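Work the whole structure out from these sequences, hints included.
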Amino acid sequence: MILKTLKMKQILQIALVVSTISLVGCATPLIAPDIIANVKKVESPYLQNASLVQVAIDPKINNREKIDIKVKDSLELALKNSNLFGTDTQRPYKITAEVLVASQAAVSFGNFEGKLGIKYTVFNDKGTQIFQDTINTVAGSDLNPLSPAVARHTRSRARNIAINVNEFVEKLETVLRKGGFKRQVQQYKNQP
144 MILKTLKMKQ ILQIALVVST ISLVGCATPL IAPDIIANVK KVESPYLQNA
194 SLVQVAIDPK INNREKIDIK VKDSLELALK NSNLFGTDTQ RPYKITAEVL
244 VASQAAVSFG NFEGKLGIKY TVFNDKGTQI FQDTINTVAG SDLNPLSPAV
294 ARHTRSRARN IAINVNEFVE KLETVLRKGG FKRQVQQYKN QP
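So the sequence shown is numbered by the working numbering: it starts at 144 and just counts up by one.
Derived by calculation from the structure, the hints in this document are not laboratory data.
Pair ranges (Cβ atoms, derived): (1) Lys258 x Lys183: 20 to 30 Å; (2) Arg234 x Val185: 15 to 25 Å; (3) Lys184 x Gly322: 14 to 24 Å; (4) Gln233 x Asn206: 26 to 36 Å.
As the structure is a prediction and not an experimental result, all values here were calculated from the model.
Glycine included, each C-beta is placed from N, C-alpha and C at the ideal position.
Quick look at the structure:
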């Protein structure tokens, strides 16, 4: 009887370890709205046009965590928070984000630091490319090292995406501001 109980405990422990490992590997990165909230917000949109975001990921990258979807969600939220674009969906500016690098430690006793590289391209409403940049970031989790590994792994990926997206939006704001787009909006508003 004691042997059966001991074997059952061992089987249960093994099952728990296996399920924990599979959860760590399958954890999807949530977005980090607390970091995205730090993006610079302009008082009024530089453009009347809305923005349309498209994300692709290098097929060599394991996308089991749906990184492309989280980049898209994060980028759309950052653009909304920044107030760079208006609401004219008839003539949207197209923003493509191509995930080129997305590596992260599979196991860590620390912060699951990872690398993320995204190539951003912005096209105006006529399809002309107005900006392109590749942004590479390295980030890890900001959670307590004693937090569960799944939570630290997920937070690390989300932080890296948010930091990368915020850097892009900051650069895009500079391009739009210096490119005279704000003046174009004012002229557009003043037309009868």
